[in-house]
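So the sequences go chain by chain: P and A. The opening residue of the first sequence carries number 1 in this note's numbering; numbering runs sequentially from there. The opening residue of the second sequence carries number 1 in this note's numbering; numbering runs sequentially from there.
Since the hints were derived computationally from the structure, they do not count as laboratory data. You can take every hint at face value.
In silico contact screen, one side only, chain P against chain A (beta carbon under 10 angstroms); selected entries: (1) 381; (2) 387; (3) 396; (4) 416; (5) 428; (6) 438; (7) 439; (8) 481.
Cβ coordinates follow ideal geometry from the N, Cα and C atoms, glycine included.
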Amino acid sequence: MNASLMSLEISVLGLGLVLMLADLFMAADRRKFLAYAAIAALGGLLLASFSGFGSCSLTGTAFHGMFVEDALAVFFKRFFILAAILVLFLAAEFSDRLSAGIGEYYSLTVFALAGMLFAASANNFTMLFVAIELITITFYVLTSFQRNRLASLEAGVKYLILGALSSAFLVFGIALIWGTTGKLNFTELAAVAAQHADQKIFLLGVLLVLVGLGFKIAAFPFQIWAPDVYQGAPTPTTAFLAVGSKAAGFVLLLRVLFVALPTVAAQWVTLLIIISAITILYGNLCAIPQRNLKRLLGYSSIAHAGYLLLGVAALAGGAHTSTAGGAAILYYLAGYLFTVLAAFAVITLVVRDGDSEDVSVLAGLNQRSPLLAATMTIAMASLAGLPPLAGFFGKFLLLKSVIELGPGNPGYYCLAFTALAGVVISLYYYFGVIRAIYFSREAADLSPIEISGSAKFCLWICLAGIFWLGIFPNTVLNLATDAAKVLGG
Amino acid sequence: MSILTYISGWPLLAALLLVFVPANYRVIIRFVALAATFISMVLAVDMFCHFQTGVTGFQFEQQIPWVDSLGISYHVGVDGLNVGLILMGAIVGFAAACCSWEIQKREKEFYILLLIMTGGILGAFASLDMFFFYFLHELALVPTFIMIGVWGRGERKNYATYQITIYLSIGALLALIGLIALYVQLGAHTFDLPALTKFVQDPKNALTLKAQNFIFPLLLFGFGILVSLWPFHSWAPLGYGSAPTPTAMLHAGVLKKFGLYGLIRIALPLLPQAAQGWVQVIAWLAIGNIVYVGFVAMRQRNLNLLIGNSSVAHMGIIFLGIASLSLIGITGAVFIMIAHGFLAALTFGLSGYIYNKAGTLEMGELGGLCRKLPFIGTALLMAAMAGCGLPGFANFVGEATVFFGAWSQPALRVVTVLAVWGALVIGGVYMTRAIRTTLHGPLPARWNELRDATFWRRVPFVLLLASLFIFGCFPKLLTDKIQHDVKPLITLAAPARAGLMPVAFNSPPAHSN
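Build the full structure now, drawing on both the sequences and the hints.
Here you go:
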């Protein structure tokens, strides 16, 4: 066993435990500092991952091949740690709205992060299941953390029931795969999958695994939970759900489809194209009438899962020649991280306790706080895919990866046009948010919003990230391209 | 650093600078915007004067790699096709900044958006890389939507905003898909236009007709929607009618030429065979612009809607010039693009002045304005005459050459006859009618208090009129430059029909002679 490969995960788990213990010794009014301590520790780990120290500079497998450390895993681990850092900034701002258990909130966030780190390295169905459960179970608690808010509890229950159902599908699928092939390890499975590719039971198993993962990324037809849970959960949880949990679903989906089962993925190109197209249209069309900001972002996150599936569909059709689709997914996720966290940071700061989360709460925001107004506007513009922001270059890469395969399969052209329709529809509701900020007449409350230094820091990081990925794509694109090479075979 | 980088860079830099200027420093904000566009204009004039006519290849070139793995680089340069457009864009940009005095609320945001628009579109015209070409245009396009939404006028402002946003986004995205398809199907792993143009001249690399026929309509209709090609034009009159004056000037004058420029710069040289097949379609759609929209313009009761429709009609003549695929036809098309840029900016600027003073542009309520507004009235009269194609103005030169070019194509004779009727007769009718009802006749008592433009307010109009005159009287300044670089396009895209020898694909590229 090569435990040094897991030093990052072990440190993060240790951090979670330390936070939990430290909570016992902290005075109630100073617990906010636990979040800053956790941010500092995670920041150190993130720097270490770039410095050549620690497990991110190593490659190899541990636990008899269950755990793999490669470029893809390292890319996602940095991604998850960065997401967790920004989410903890939001959580620190949000902590005065939690009636109890502030320390637990931070440590649960860190535990969810640990689950995501394991997911990034999972190379075995057992590991996959454990990682998913670690993420999902912590999120059940995080979602219903505001015990005195009915909406939060409702969201928790909904997420619990649907999450448990999808876990059941996932386990059943794993069992069927294991029953037919006798393998759980992705690399070993890849060697034998071709022989079983026409076996109905085996394919049913794969399909059920995809159901479980489709639930995590909120792809059609497993997206029902997303709007309700996004709306009800505490805002930092929603942010982490939108970025971390979705990305974890994607890394697992990529590993299962393109490391373990490339032959099956190539067979299911049409299915992936259709799911991607419907997810895009469903998310965008349903977002149009939404008035609740978090619910709107919930639907928008479904649409973005659809855009990301463009890359999956492209990989399924052309993984043997080019992994451009994989690189596009990773790049898009990186842009999505900064953009969505910027939007949720603004919501956290603007919507105070007892306020409604209606879009109208943003009215007059440019007078209350120009920084928040500008951040929200830029986040919406980036989500809509306007240059020179991160979303534009990400969408460009995804479209390019799909159009590349068009001459071989006209379905890809249809998919590209569907994505185009989705982008045009989405302009309507993203501009609706911008309109609410700048052009609403009836702004009831024009009191300036106090923003703490740490929150400002978080906002500036997000803004810098959005512009950096939009204007200087080279660095991250090269990292993403290297990481995606793992998926080509 | 190329001078082109400075031409588009100063407005963008000024936009960035304005972000950090407090909103109540109104004089400074206006000064920064005017200074940046003025410098940009002076540089563009300087660039135009130093442009060497008759030299093959691109001048003032600069190339910086941007994304190596995809073959994207920041590559700017000018040849005869875009040198005039950049000059026109920079002059209109300054004129639009001058006309921004009408903006009274949220000035800081307005000037930031205006500068992004100016810098973005100048960069797009200078760009020789397909990615940046699209990227910078999109950067310039988005502020248009926001400006109409916030500072727009009229009751149908919201509707107009959504209409123009959806229409133009669809157009831009269709063109994007076309450009990406072009990139991946050529397989040259570069977005660089000169490299791609050279690449397709090798018969091994030319796209199959099937692939060309898939990509060409994407570009034609994608760019066509951006240029208000009939029947996708309905966003334009209402959009311009609802836009604040400087936005309408910049969009109708400069941004709208982007789609046409894209067709000439990208679609013709890279998809030559498909272009020949689509000639008839383009020509008949152009008739839709000239005749149908011309009749629509005749029915208008609102001066701005009339000007908007007439500007759509003018696009038809440019499309006809492109469809002719002949040397003088395309030269004329590029010439009108420049002339119409000045003209559209001028007319929208003048009508904006009248709207701001009178509060209405309903022609039934106006009348006799020439007595109260001698300068504005005379300028509007001259603009209308230029719009009808009166000799002496730049538009005449362009329109005449386009009609000669189109007539030289036997297949386009019917279309040409219809177009000449539409452009000269219908155009003449609505323009003179507009002049009569607004500028002449009895002056309603309520307009007795109207004041003519002061000296500084006249600057942009004088500048635009002078440009129209200079290029109308000395068309050689432009035609020599344009013609030299249209020639290689024609040899690629139009074989025997243009009266030229069919070009075997293994012959050396035409601009090497």
